[in-house]
Amino acid sequence: MSLAPRHAAVLVPLAAAATVLSGCVSTAPSAAGPDGPITVNATDSACEVSTTTAPAGTVTFQVTNDGSQVTEFYLYGTGDRIMGEVENIGAGLTRDLVVEVPDGGAYTTACKPGMSGDGIRAPFTVTGSAERSTDTNAELAAATAGYLRYVTSQSEALTARTTDFANAVKAGDVEQAKALYPQARTYYERIEPIAESFGDLDPKLDGREDDERDPGVAWTGWHRLEKDLWVDGLQPDSARTADTLVADTKDLQGRIPALTLTPAELANGAKGLLDEVATGKITGEEDRYSHTDLWDFQANVEGSQAAVSALRPVLDQKNPQLGPVLDQRFEAVTTMLQDYRTADGYRLYTELTPDDTKKMSASVDALAEPVSQVAGVVTS
Amino acid sequence: MTGPVSRRGLLGLAGAGAALAGAGAAAGYGVAREPVAAADDGVVAFRGVRQAGIVTPAQDRMHFVALDLTATDRGAVRDLLRRWTAAAERMTAGQDTADDGALPGNVYAVPADTGEAIGLAASRLTLTFGVGPSFLQKLGLADRRPAPLADLPAFQGDRLDPARTGGDLCLQACADDPQVAVHAVRNLVRAGFGVTEVRWSQLGFGRTSSTSTGQATARNLFGFKDGTNNLKAEEPDLLDQHVWVGDEGPEWLRGGSYLVARRIRMHIEPWDRSNLDEQQRIVGRTKGVGAPLSGSNEFDLADYAATDAAGPVIPDDAHIRLASAQANAGARILRRGYNFVDGSDGDGHLDAGLFFVAFVRDPQRGFVPIQRSLAKSDAMSEYLEHNGSAVFAVPPGLSGPDDYWGAALLA
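Chain order of the listed sequences is A and B. The opening residue of the first sequence carries number 1 in the UniProt record's numbering; numbering runs sequentially from there. The opening residue of the second sequence carries number 1 in the UniProt record's numbering; numbering runs sequentially from there.
It is worth saying that the hints were derived from the structure and are not from the lab. For every residue, glycine included, the Cβ atom is placed at its ideal position computed from N, Cα and C. It cannot be assumed that every hint is accurate.
Claimed, not checked - Taking lysine-lysine pairs in the DSBU-like style, the calculated list, with each CA pair at most 35 angstroms apart, reads: (1) Lys287/B with Lys359/A; (2) Lys359/A with Lys178/A; (3) Lys318/A with Lys227/A; (4) Lys178/A with Lys227/A; (5) Lys358/A with Lys287/B; (6) Lys358/A with Lys318/A.
Unchecked claim - Pulled from the structure, derived: some chain A residues nowhere near chain B, Cβ distances all over 10 angstroms: (7) Gly67; (8) Ala122; (9) Arg149; (10) Thr152; (11) Thr350; (12) Asp365; (13) Ser372; (14) Ala375; (15) Gly376.
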């Protein structure tokens with residue numbers, strides 16, 4: 001082994017390397033507030049935040065894990081909406097959370113040693129109000145407003161179709177419920193990042209059987225009923241679970257009018273939906289009992305495209321090359337999925353061959369790369 | 001951060017390193033006919049007469065990837081090859097793939113460079129590019145295919161897995177730091193999304209060949225020194241004869257070579273249960289110093305005529321005899337393989353072996369006869385399983401600053 005070059009590297013300026021590495025997380029000059037970062041000392045039993053208040057704008061938390069367990073740090077808004085999070089902080093490590101908080105008000109900080117449960121929480125106050133990046137450009141404002149209209153319409157349809165689905169479950173009409181399941185989910189899957197931004201809702205609506213839940217909290221939502229319908233047969237509490245599902249989708253719908261989105265959040269949602277496809281649908285993980293994953297796949301792509309479309313005028317202004325590439329790649333994925341259509345929907349995941357999933361994976365990779373560029377372009 | 005993140009720049013040694021390398025090259029190799037030496041800062045020249053990563057002294061680690069085209073538009077492929085070349089040149093110089101690539105000024109922008117090589121030295125990274133027969137076919141360039149650029153014939157005992165075989169393109173990343181090699185492949189694969197997809201890839205963790213007389217002979221997973229008789233960077237006439245494509249090749253390939261890759265699974269556990277004498281007779285060398293059984297030092301010439309009471313000293317079915325130039329009408333190859341262990345199989349055995357890479361002037365004349373004779377008669381075959389295979393044409397080095405991988409072929 002020739003160690004010489006590596007020795008040279010190790011001897012190099014550890015200080016310089018350390019600067020660069022910490023920069024990995026926090027980076028841009030804009031990230032550091034005038035008073036420097038707020039430090040968070042996280043241990044297995046405490047979550048000491050150096051201050052409980054900060055002015056609106058970009059807030060940086062420097063989280064040091066002095067505990068023995070891997071931890072996470074969250075900033076929650078009203079209704080446990082996740083404003084920002086930094087996950088997977090190993091013992092002894094320091095990571096930065098840079099979060100945009102444009103509105104003053106009451107927030108909550110939380111450390112989660114062991115990365116589970118509600119965490120060690122404390123109130124956090126944001127004062128004043130920063131100029132929203134959305135307001136600085138009329139087109140960006142129009143983009144987010146347009147996308148919010150889309151989200152509103154999808155959530156309305158979601159509630160309606162979920163109610164139909166729940167009624168079928170309650171009537172014991174398994175065949176009808178099975179037919180409605182993937183259709184109703186389409187509306188959820190198109191706007192999933194929005195539901196996920198309300199941290200408490202997604203686990204209730206879309207949780208998996210093996211997710212960790214607090215003691216006494218039942219497994220509810222789509223996948224619980226999916227398992228009843230496809231595997232276990234309807235259970236004594238299936239009807240109650242169906243009612244809870246409807247109540248939770250109404251809760252989601254009710255929160256949307258108060259929702260504000262930045263262009264960056266919008267763009268990240270578009271990218272996040274494709275991540276969902278890559279990790280949940282092409283793997284068959286999401287709908288493991290019904291195998292209706294390709295319905296969700298299509299819906300995720302449609303939702304991603306809706307978000308990108310809303311940003312398109314800004315995109316075309318700032319990087320005219322990107323739009324045509326996005327058009328072509330969205331079209332390629334859509335065309336590819338056409339091959340898997342059936343009379344009443346899509347082929348089941350279990351009918352796919354490794355060649356099929358490889359083809360899907362390649363087309364989603366090809367799409368997700370340019371989609372991931374959108375956030376940088378619209379915020380440049 | 002201001003300015004491009006230069007991993008190498010962090011060292012502050014670049015200038016001095018380059019100067020030392022120049023002196024070293026002059027003293028060690030006389031006329032630097034082949035650009036083989038790395039500067040002391042670990043930078044191997046990216047441009048030159050040959051592509052780096054062939055006669056470059058074999059680095060410790062490899063990440064090899066074979067890709068397929070998902071687009072057959074020549075313009076899109078050309079554009080990718082330009083972007084690949086630019087990113088590859090930067091990475092071999094110890095930089096990120098683009099200015100501010102790893103750490104963009106805008107925190108909402110996705111970093112163009114994935115960042116795991118921040119702070120790491122260039123680590124003698126080389127990136128070597130090749131095209132398979134199907135590349136030319138798919139792009140409508142079949143008339144430019146030289147005859148030797150063809151799938152290998154089936155060899156006795158082959159158990160090729162289609163998912164580990166072939167490929168339109170290949171990228172060979174070698175470095176002394178595994179993370180540097182992985183970073184390079186990861187970023188090039190990422191840049192290729194939409195034009196290419198990964199067909200298969202292979203990590204190698206220990207070189208099994210020496211490509212320079214300055215290197216000690218390494219051992220393969222059978223525990224034997226491997227590649228003692230390899231062609232070396234310091235043998236330019238032999239390289240011309242056996243490695244570099246000459247006037248017989250098409251213009252785009254002249255001065256380049258062919259890369260033959262074989263994933264050779266070794267049945268480690270049965271091998272470990274064979275006695276030393278059997279192991280040595282299978283290889284034809286001693287396990288300790290690596291001397292041919294007819295001699296006493298590693299570099300003693302093997303005497304295949306030598307006999308003792310039991311017959312030939314180097315058995316007729318010994319690996320080195322069957323692989324030797326004498327047994328194959330003078331055919332020789334430049335080996336550049338790596339050991340691999342890809343975890344274990346479902347039966348609790350190591351999924352381990354040799355990722356064989358050889359550079360040859362003509363695979364049909366250089367590699368095929370050797371492999372045919374090994375596949376048929378080699379005593380070692382009992383412990384081997386070839387389950388991946390590919391052939392690529394490796395164009396010569398990049399001439400000027402505007403030249404890019406495949407430019408002459410796609411012109």
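Structure-based check of all given hints:
{"no.": "1", "hint": "Lys287/B with Lys359/A", "verdict": "violated, 47 angstroms"}
{"no.": "2", "hint": "Lys359/A with Lys178/A", "verdict": "holds, 28 angstroms"}
{"no.": "3", "hint": "Lys318/A with Lys227/A", "verdict": "violated, 47 angstroms"}
{"no.": "4", "hint": "Lys178/A with Lys227/A", "verdict": "holds, 11 angstroms"}
{"no.": "5", "hint": "Lys358/A with Lys287/B", "verdict": "violated, 44 angstroms"}
{"no.": "6", "hint": "Lys358/A with Lys318/A", "verdict": "holds, 34 angstroms"}
{"no.": "7", "hint": "Gly67", "verdict": "holds, 26 angstroms"}
{"no.": "8", "hint": "Ala122", "verdict": "holds, 26 angstroms"}
{"no.": "9", "hint": "Arg149", "verdict": "holds, 23 angstroms"}
{"no.": "10", "hint": "Thr152", "verdict": "holds, 25 angstroms"}
{"no.": "11", "hint": "Thr350", "verdict": "holds, 21 angstroms"}
{"no.": "12", "hint": "Asp365", "verdict": "violated, 4 angstroms"}
{"no.": "13", "hint": "Ser372", "verdict": "violated, 4 angstroms"}
{"no.": "14", "hint": "Ala375", "verdict": "violated, 5 angstroms"}
{"no.": "15", "hint": "Gly376", "verdict": "violated, 3 angstroms"}
Hint violations for this structure: numbers 1, 3, 5, 12, 13, 14, 15, all remaining hints satisfied.
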